[in-house]
Amino acid sequence: MALIWLGPALALILGVVIYPAIELVRASTGEYSITGLRRGSAGVDNYTNVLSHEALGTVLLNTLIWVVAVVVITILLSLGLAQFLSKDFWGRRAVRWAVLVPWAASLVITSRLFTLIFDYYHGILNVLLTKLHLISEPVDWLGDDTWTMPSMILVGVLVSIPFTAYVLLAGLNGIPDDVHEAARIDGAGPWQAWRRVTLPLLRPALLVSAVLNMIYVFNSFPIIWTLNDRNPGYTHDTTITFMYKLAFKSADRDVGMSAAAGVFNVLLILVAVVLYLRLVKWREEES
28 MALIWLGPAL ALILGVVIYP AIELVRASTG EYSITGLRRG SAGVDNYTNV
78 LSHEALGTVL LNTLIWVVAV VVITILLSLG LAQFLSKDFW GRRAVRWAVL
128 VPWAASLVIT SRLFTLIFDY YHGILNVLLT KLHLISEPVD WLGDDTWTMP
178 SMILVGVLVS IPFTAYVLLA GLNGIPDDVH EAARIDGAGP WQAWRRVTLP
228 LLRPALLVSA VLNMIYVFNS FPIIWTLNDR NPGYTHDTTI TFMYKLAFKS
278 ADRDVGMSAA AGVFNVLLIL VAVVLYLRLV KWREEES
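Mapping to this note's numbering: the sequence shown position 256 is 283, numbers consecutive.
It cannot be assumed that every hint is accurate.
[What the hints assert, rightly or not] Label-pair restraints from in silico Cβ distances: (1) 211 x 231: 41 to 47 Å; (2) 203 x 234: 27 to 33 Å; (3) 163 x 215: 34 to 40 Å; (4) 68 x 124: 51 to 57 Å; (5) 209 x 171: 40 to 46 Å.
[Unchecked claim] Pairs of lysine to any residue, SDA-like flavour, derived with a Cα cap of 25 Å: (6) 276 x 52; (7) 276 x 301; (8) 114 x 103; (9) 114 x 203; (10) 276 x 51; (11) 158 x 135; (12) 114 x 133; (13) 158 x 146; (14) 276 x 103; (15) 114 x 225; (16) 114 x 258; (17) 276 x 193; (18) 276 x 63; (19) 114 x 220; (20) 158 x 177; (21) 276 x 54; (22) 158 x 170; (23) 114 x 208; (24) 114 x 52; (25) 276 x 137; (26) 114 x 197; (27) 276 x 60; (28) 276 x 128; (29) 276 x 114; (30) 114 x 170; (31) 276 x 61; (32) 114 x 95; (33) 276 x 116; (34) 158 x 173; (35) 276 x 91; (36) 114 x 104; (37) 158 x 144; (38) 114 x 128; (39) 114 x 46; (40) 114 x 125.
No lab work stands behind these hints: they were computed from the structure.
Cβ atoms here follow ideal geometry from the backbone N, Cα and C, with glycine treated the same way.
Please model the complete structure; the sequences and the hints are all you need to start from.
See below:
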């Protein structure tokens, strides 16, 4: 009887998760024509070619910067936003709805909107900064190597804040008022109460938001591709766009190499999440 009830969920997991994973591993060991037809087995050559690719070091460094910057900045800003949204003020419901807009909107549409905002000639950002005399001439936000990654991180943070803020808001709402009242009676100030009471009780929500954001940001293709598609090479690519270019947009045009890079990407995500969970566990044991 249990299998009958679990059957639809198991079938969904089999079709959406397990089967594609098996096909990914199978594709990573194949040799393909430029049109994507499988010619035969390539063994581990695809993995070797990916590991020896000249752009791999740049891509991995970009991925590290992208994931760490977006996740850390998102959580810090979302903590403050969640604290604000948990307060009782006039128009709170409207503000909560407004916060959801960047999350509800399509990532491609949001990213495309920011390409217009960052436009060198007519972008509103350059116009605004010039009128405020903060810059003397327009900045090529998406073409200058100095500003491309910060610009992508800004968009990544913007679209990640709504989900993270709501997870943390749910965590704050789950903390009993009696705990805060007891802290005030014991003489704790606002900062002490937040650091000694609120933050420890918010740890489960922080853990969930951090892990899910790591996975989402690792696999965030639309933002990086839409903002970075005009730049040649792999200078600002992360592992997810690196895979796509290997298969469709580079001189390699190799589906097998792209699949092998996909396997490495999954392993990188798993390693990053496990290390983070271990780090959190060690801190809990020390405390």
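Structure-based check of each hint:
1. 211 x 231: 41 to 47 Å: Violated, since residue 211 and residue 231 (Cβ atoms, about 23 Å apart) do not stay within the stated range.
2. 203 x 234: 27 to 33 Å: Between residue 203 and residue 234, where Cβ atoms are some 20 Å apart, the hint is violated.
3. 163 x 215: 34 to 40 Å: Since residue 163 and residue 215 have Cβ atoms about 50 Å apart, the given range 34 to 40 Å is violated.
4. 68 x 124: 51 to 57 Å: holds (54 Å)
5. 209 x 171: 40 to 46 Å: violated (53 Å)
6. 276 x 52: Holds. Residue 276 to residue 52 sits at ~22 Å (cutoff 25 Å).
7. 276 x 301: violated (32 Å)
8. 114 x 103: holds (18 Å)
9. 114 x 203: Roughly 14 Å separates the two Cα atoms, so the pair holds.
10. 276 x 51: holds (19 Å)
11. 158 x 135: violated (29 Å)
12. 114 x 133: violated (29 Å)
13. 158 x 146: Holds - the C-alpha atoms of residue 146 and residue 158 are around 16 Å apart, at most 25 Å.
14. 276 x 103: Violated - the C-alpha atoms of residue 103 and residue 276 are around 36 Å apart, more than 25 Å.
15. 114 x 225: holds (14 Å)
16. 114 x 258: Violated - the C-alpha atoms of residue 258 and residue 114 are around 44 Å apart, more than 25 Å.
17. 276 x 193: The hint is violated at about 37 Å.
18. 276 x 63: holds (13 Å)
19. 114 x 220: holds (16 Å)
20. 158 x 177: holds (22 Å)
21. 276 x 54: holds (18 Å)
22. 158 x 170: Holds, at about 22 Å.
23. 114 x 208: OK: residue 114 and residue 208 at ~16 Å, within 25 Å.
24. 114 x 52: Not OK: residue 114 and residue 52 at ~49 Å, beyond 25 Å, violated.
25. 276 x 137: Given pair residue 276, residue 137 holds - Cα atoms ~23 Å apart, limit 25 Å.
26. 114 x 197: holds (13 Å)
27. 276 x 60: Holds, because 15 Å separates the two Cα atoms, which is no more than 25 Å.
28. 276 x 128: violated (32 Å)
29. 276 x 114: violated (49 Å)
30. 114 x 170: violated (42 Å)
31. 276 x 61: holds (11 Å)
32. 114 x 95: violated (29 Å)
33. 276 x 116: Distance of about 51 Å is beyond 25 Å: violated.
34. 158 x 173: Given pair residue 158, residue 173 holds - Cα atoms ~22 Å apart, limit 25 Å.
35. 276 x 91: holds (23 Å)
36. 114 x 104: Cα-Cα ~16 Å, so holds.
37. 158 x 144: holds (15 Å)
38. 114 x 128: holds (20 Å)
39. 114 x 46: violated (46 Å)
40. 114 x 125: Since the Cα atoms of residue 114 and residue 125 sit roughly 16 Å apart, the hinted pair holds (cutoff 25 Å).
Comparing the model with each numbered hint stated earlier shows that hints 1, 2, 3, 5, 7, 11, 12, 14, 16, 17, 24, 28, 29, 30, 32, 33, 39 do not hold.
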